[in-house]
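Asks: As a plain string of letters, each chain reads:
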Amino acid sequence: MLAFILRRLLVAIPTILILIVISFILMFAAPGGPFNTEKPLPAAILANIEARYGLDRPYLVQIGSYIWNIVVHFDFGPSFKYRDQTVSGLIAQGFPVTLTYGSLAFLVAVVLGVALGIAAAIRHNTWLDYIATGTAIGASVLPNFVLAPLLVIVFTLWLGWFDAGGWSGKGWDAAVLPVIALSTSYLAAIARITRSSMLEVLNSGFIRTARAKGLPMGRIILRHALKPTLLPVLSYLGPAFVAMITGSVVIDVFFSTGGIGQYFVNAALNRDYSVIMGVTILVGVLTILFNLLVDILYAWIDPKIRL
Amino acid sequence: MSMRTLAAASALAMIATGALAQGATNPETGEALAEDQTFSYRVLDEFPSIDPGLIEDVEGSHVARQLFEGLLNQDAQGNVIPGVATDWTVSEDGLTYTFNLRPEAKWSNGEPVTASDFVYAWQRAADPATASPYSWYIALMKVANADAVVAGEAAPDTLGVKAVDDHTLEVTITQPIPYFPQMVTHTTTFPVPRSVIEEFGDQWTQPGNMVGNGAYVLSDRVPQERLVMTRNENYWDNANTVIDTVNALVINDETQGLTRWEGDELDQTDVPIGQYPRLSEEYPDEIHAVPNLCTYFYHVNMREDSPEALKDPRVREALNLAIDRDVIVNNILAAGQTAAYTLTHEATAGWEVPEVPAAAMTQADRNARAQELIAEAGYGTDGEPLSLEILYNTDQAHQQLAVAIGQMWKQTLGVDTTLANQEWQTFLDARKNGDFELARAGWCADYNEASSFLDVMTTDNESNDSRYENPEFDALMEESRTAEDPLPIYQQAEEMLARDLPILPIYFYSEDFLLDSTIKGYPYENAQENWYAKDLYRVAEQ
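Going down the list, the protein sequences come from chains A and B. For the first sequence, our numbering gives the first residue as 1, with consecutive numbering after it. For the second sequence, our numbering gives the first residue as 1001, with consecutive numbering after it.
I should point out that these hints are in silico values taken from the structure, not numbers from a laboratory. All of these numbers come straight from a predicted model, not from anything done at the bench. Keep in mind that a hint or two might mislead.
In silico DSS-like links for lysine-lysine, alpha-carbon gap of 27 Å or less [said to hold, decoys possible]: (1) 227(A) with 170(A); (2) 213(A) with 227(A); (3) 39(A) with 1162(B); (4) 1410(B) with 39(A); (5) 1311(B) with 1162(B); (6) 227(A) with 1311(B); (7) 1142(B) with 1311(B); (8) 1142(B) with 1162(B); (9) 170(A) with 304(A).
So these bits of chain A aren't anywhere near chain B, every CB distance computed over 12 Å [as the list claims (entries may be wrong)]: (10) 36; (11) 46; (12) 67; (13) 142; (14) 156; (15) 263.
Don't be surprised by glycine CBs; every beta carbon is placed ideally from N, CA and C.
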């Protein structure tokens, strides 16, 4: 087990390096640059700025020194667009925000999604199943950029329960609309996976044996069916958790939460190279970590799997 | 006497009226003041920088104008009024300006503001090591040696600015500029605190580190969320300041901005595109459309490899005439914009729009003339089929205009258009490299003077994406720099553009916003919209 974890962590290093190099290549291939605006800068001034940020050096040197600064100094550099900020500073400011609403959304999505999926599977082909499946499909086709404004219309403009946006200096209620908007489509996906997985498990031999023995249904579900049901759900949850805690551009832009979700799109549009790299590496590292965690959980749930 | 002129009052006048204690009424107008003197406004995006030396955008300069004070300020009409400098003198040849600084001006840490703070700030802005995107502004002011310093060919301390003594600043310029005092209201010229910058380096603009000399200090900043400024107790005119807290909330989505304005979380927000007519019925007292010194136009590609048709002046004129600007400003945009037949925004200071032929005609006449011209050129309905591509950056508003203009050209001239949209950076690249036939542009003045528009079309200008190269035009612009009265020369230049049509002007921008009716003192008539929170105040609700 320990050897497995160690091996996976060692593989992660070249993976991250490849991620960095590919991102760099894509970035340099994109037209434009971080300092292009409607008013082009005079050549001398552009040269000054590029020299300041080291963009005048050959690409290989730039990649090399970028990696060196991270490895040796843990320095992700300054933002090219937001010149008062460093990449670490922006992430340190924004990540706790997305981590908060993302974790809450994850909890909501998992608890409600699994419950909905199980309920639908147990009452297969009844009105409960139809309602649950219908809700799940409806929620998964409703994109959050449609859902978010709808929530604001209902809860802010009509009912007046929550503010339309903002985060710092506000209470728990600032998280309500972002959590609903973010969790809905994940909830739907989890419900659908749980339902079909549970149906498969319920039709398998060992469940039939359990029922033949006369075990009560509740006990069968909890003791025997739940664990194998969750295996496919689990493989979905790893990447989903990473996606949720790193936020969503729609949530951050729409609710002005100040999270890091917006940087995935904004930084690319701004050609803010250092921020692009920062958030890419963050997501890369988190994805590797949580995939590893999922694999460990797999082995714990399913004794057939050996690490 | 308005709040603005009050702020303009010299130190002497202030002493004469006595320290004006903050009370329940405005000392000047007698209006009852609200208890909570907070002003909150929406900004579109996080500020690229709030360091006066690095600021390159309008939003950043709004913040710097609260946190710092330059030599001169602007009043509600945009005229210069004393700031840190109480007055100034100009040498006879117009090349040496001497500013007298008020001795009571202090930094927020209590240190006095001296002439050497300005010297340091100007040298720093020009220094290549600072890598300021606005270092060209120091060169634009024609400060002696600025070009060499910016290019790294001379040391920053050779710049033509020096402290004669603590309260006397002397600036040497290489060419007389009649509007020079207006230029020192710009944020790039604001003083910055050397000791603080040397202590904290790039981190000096963080809350807690930042020291300024304006009416407010930075008290909180959450990137992409908010920036909060509170009263600077050390500001020399603090006694006359009414607003206690200024909140800039970053809200990317303009509809959300409106929702939060309607929820009273904001005092000021922009009018979302297309909502002006509805909102002006709903909030007639709170909606404002003021001129914004930007002009919307299409670049015509004048390069060698551009389509033959575009090289024909008759075709360009036909295209220009067939654009029904009245439909565009009244029916499509419908938010206070005005039709443009020339480049320089009509509200520019000291500017009179010359009556170019196209502007004087009715649209029916224009269309008739356009049809004649396109027929003469042998294109359109009865001639060779012509199809042109309009390039714009991906945006609904630009698309709407391109569709409408394409329709006008199709109906009037029989010219087809295809639309091409590109992501912003790709678009800028394509336009710069000449990979377009017609490309949209929105040009905003850097300073309130016609040359800030017209210079764009000179041969050497980096923004001349049409690649209009006309030595006569260049000569006119050169002549205007030293002219006693440049207005007729500028007008001549506009007439030349209206004849050659390297650009098709479309409309003059307006800025549309909602402002809570309890906020008073807003400078609606300042064409650059340079507002100073110290001149605003909130009256008690009736």
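Asks: If a hint holds in the structure, say so; if it doesn't, say that too.
Replies: Hint check:
1. 227(A) with 170(A): violated (39 Å)
2. 213(A) with 227(A): The given pair, whose Cα atoms are some 20 Å apart, holds under the 27 Å limit.
3. 39(A) with 1162(B): violated (30 Å)
4. 1410(B) with 39(A): The given pair, whose Cα atoms are some 32 Å apart, is violated under the 27 Å limit.
5. 1311(B) with 1162(B): Not satisfied, since the Cα-Cα distance of roughly 51 Å exceeds 27 Å.
6. 227(A) with 1311(B): violated (74 Å)
7. 1142(B) with 1311(B): violated (36 Å)
8. 1142(B) with 1162(B): Roughly 15 Å separates the two Cα atoms, so the pair holds.
9. 170(A) with 304(A): Distance ~48 Å between residue 170(A) and residue 304(A) Cα, so the pair is violated.
10. 36: Nearest chain B Cβ is 5 Å from residue 36(A), so the label is violated.
11. 46: Contrary to the label, residue 46(A) does not stay out of reach of chain B, its closest Cβ about 9 Å off (not over 12 Å).
12. 67: For residue 67(A), whose nearest Cβ neighbour in chain B is about 22 Å away, the distance exceeds 12 Å, so it holds.
13. 142: Holds, since 18 Å exceeds 12 Å.
14. 156: Residue 156(A) is in fact no farther than 12 Å from some Cβ atom of chain B, at 6 Å.
15. 263: violated (8 Å)
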